[in-house]
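Each chain, written out:
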Amino acid sequence: MNSAQIEIQLIASLVAIACAIPGTFLVLRKMALITDAISHSILPGIVIGFFITHDLSSPLLILLAAASGVITVILVEFIQKTGLVKEDTAIGLVFPALFSIGIILIAQNANDVHLDVDAVLLGELAFAPFDRLILGGIDVGPKSLWIIGIILCFSIGLLIAFFKELKVSTFDVGLASSMGLSPVLMHYGLMTMSSITTVGAFDAVGAILVIALMIAPAATAYLLTNDLKKMLLLSVLFGVCSAILGYWFAHILDLSISGSMTTVLGFIFLMVYLFAPNKGLFSVLYRQRQQRIEVSLLTFLLHLGNHIEEEERHVKHLNEHINWQKVRSKLVLNLALNNNMITIENNIVSLTKKGESFTTEAIDYIVNNKNAEIENMKDRFFLFRG
Amino acid sequence: MNLIEYIELVFTDYTLRTITLGTAILGAICGMLGSFAVLRKQSLLGDAISHAALPGIAIAFLIIGTKNSSVFLLGALISGLVGTFWIRGIINKTHLKSDTALGLILSLFFGFGMLLLTYIQKKPNANQAGLESYLFGQAATLLESDVWLMAIVTAISLIILLLFWKELKLLLFDTDYTKTLGFNIKFLDILITTFIVIAIILGLQTVGVVLMSAMLLAPAAAARQWTNNLSIMVILAAIFGAASGVIGTAISASHNNLSTGPVIVLAAGVLVAFSFIFSPSRGLLFREIRFRKNRNDLQLHKTLSFMYNIAKTHEDITHPHAIKILNNFQGFTKKSLQQLEDKDFVQIKGNMWSMTESGYQNASNLYDQLLKENNE
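Residue numbers (our numbering), protein chains in the order written: chain A, 1 to 386; chain B, 387 to 762.
Just so you know, the hints here were simulated from the structure itself, not pulled from any lab data. Positions of the beta carbon are idealized from the N, C-alpha and C atoms, including for glycine. Among the clues, some could well be false.
Here are the simulated lysine-lysine pairs, DSSO-like style, with alpha carbons at most 30 Å apart [what the hints assert, rightly or not]:
id, chain 1, residue 1, chain 2, residue 2
1, B, K735, A, K167
2, A, K81, B, K427
3, B, K735, A, K86
4, A, K279, B, K427
5, B, K555, A, K30
6, A, K167, B, K679
7, B, K721, B, K735
8, A, K81, B, K679
9, B, K427, A, K330
10, B, K721, A, K86
Covered stretches of chain B (chain A as the covering partner; in silico rule of three or more C-beta atoms under 8 Å from a C-beta of chain A) [unchecked claim]:
id, stretch
11, 440-454
12, 576-585
13, 594-600
14, 637-647
15, 679-693
Pulled out of the complex, with its shape left as it was, chain A reads as follows (with noise of 0.2 Å):
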């Protein structure tokens, strides 16, 4: 591993880390496709800044981008505060405009503009390496590793410093404000932070991966956890794995630094889609068939519960009369008997005592309809138990 290859990865996962932590706050808030927004919308702040200093990585060009996308946000609950359109309909009118805007000002001065749509979309993060920053004569290291670094020190600063009041206006405005923190203050230095993060990684990394950094891990981290602190800390770590996994990946097979790492977050996320314990794909659906096969057991011992006639109550007929498939009954047969819930003899059902009490409460919590009893009887009678 060369300097170079280190000063990448440190660059990345800086990138990754800053991006997790307001990703993390806009994922909760549900305001994830902000950033869509921010992203693209700060090409015009870009240009101009551009324009005027000749530089893609000066402070002043951050901050004219940083404010290019905070109009972007002001401008999105303006639309939406007129009531005329809704919010998602607000951010897809406003940024395509903005992101116009800013081609058109590229198209117009293109001669002596060397600045390429592409490059800020996409990014270039094997590039960024050349790119030093010369203090008094001495190379203090790539340009954009300490401006990514400033950001995210900041952000880090301003999370512990405002942990507390960004927890509570992000789950509970109304209380927040009646707790005397401004639920206002708060959302406008999360976009603040938000479009100079984003402004700030765009150089090294481009808008698309920025979107995929911010909201990527994040969600990938909600999926495992419903605690703030331990879902901030998964999603850095979600980062920082395929900031670092995504190098060599792009490094082994030669490939789009950026892209390699979006990939490496899409197969993360994937996997935990598929697989997360309880919120994950398999799981849900585990659960569902689950559910069907406990309602199916209810309204089978119902049917008996209400039926004395002994050829209400023959297994064949039982096929006929509640109209399911062969395996489907043979399914809550089983549960049911496993559970100790029915008899059977000469292919005749009949309840036991457990299953009569059974049934009997389920009729309770029919008519009661509170959600705490049916998990309660649940327990008690060891359903899927055996």
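With chain A fixed as given, assemble chain B onto it according to the hints.
Showing chain B alone in chain A's frame:
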């Protein structure tokens, strides 16, 4: 090239005619289907899908190895649909919200697409140039065959819309009711989503990935301001879309260095801003005017009822009073007094006012109304 030359050229120049027709048709189909996207609160689906189409285009290129826009479209369509249904899956099966799901699919698919593009660029195959036009759009690359394709797709979607009009309308406004009536919601849902995805994919080549979402949204959002009727909204949106396509093409063709996509989007944006401000029923301007008028009316009524209370205490209701006594009353201004006089509710002589008969009647009715409402 100025505008008049441009109009002449549209009828003579092959390229310009193709591009103008293409953008007009694209605008129309986007407006038409965009209305459904906007009303179904799927506005940003366009953004997500246009990004999600990239890996499909790249994979299509990897498989066939040459540039062929219809195969690209097919690849884009498939990956767009995969993206759409994954978004659905995330929203339905996990507790992640739709904004997170859209953002995830958008960025992850696009990033993967970029990875594939860099892989393609490394290959010794020289045929890859032009793939990037899908990113930012290049209306100039439109061919007559592309326009035909767009026209055919527009015709098909028009037929489908007309065939399933009633069902789709029902689905838009009351999904549960549609279900109870026995319509196959899943089928209708997939149908309309598929057509929205097709429209998005068609537009990629012309306006590019980033601006496609505005193409889908803007005409529909503008049309929504003018009407509450779905069929009128769809027609209006199609007209707005086509108009912004034509205007955008015209402006970009008559200037140097103006790419078509952004200009079309800005034209649509101007249409939206115009509709937001000047629409008679919902527009901001008329809303503000109505608001002011109501406020003035209210203040007038307040002043009148205050005067009524004073006049009531006298036997002769037209007994003159000093204007000074109104000064402490909130809502009283010289202007409102003038308006009351114009309506012949009061008479002003010097710095005294007196109530007229009709003013008294009117004010007592006002009072009665208030009482009645209180009793209710």
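Hints versus structure:
no.	hint	verdict
1	B:K735 to A:K167	violated, 65 Å
2	A:K81 to B:K427	holds, 17 Å
3	B:K735 to A:K86	violated, 54 Å
4	A:K279 to B:K427	holds, 25 Å
5	B:K555 to A:K30	holds, 28 Å
6	A:K167 to B:K679	violated, 44 Å
7	B:K721 to B:K735	holds, 16 Å
8	A:K81 to B:K679	holds, 21 Å
9	B:K427 to A:K330	violated, 43 Å
10	B:K721 to A:K86	violated, 39 Å
11	440-454	violated (count 0)
12	576-585	violated (count 0)
13	594-600	holds (count 4)
14	637-647	holds (count 4)
15	679-693	violated (count 0)
In the structure shown, a violation is registered for the earlier hints numbered 1, 3, 6, 9, 10, 11, 12 and 15, in ascending order.
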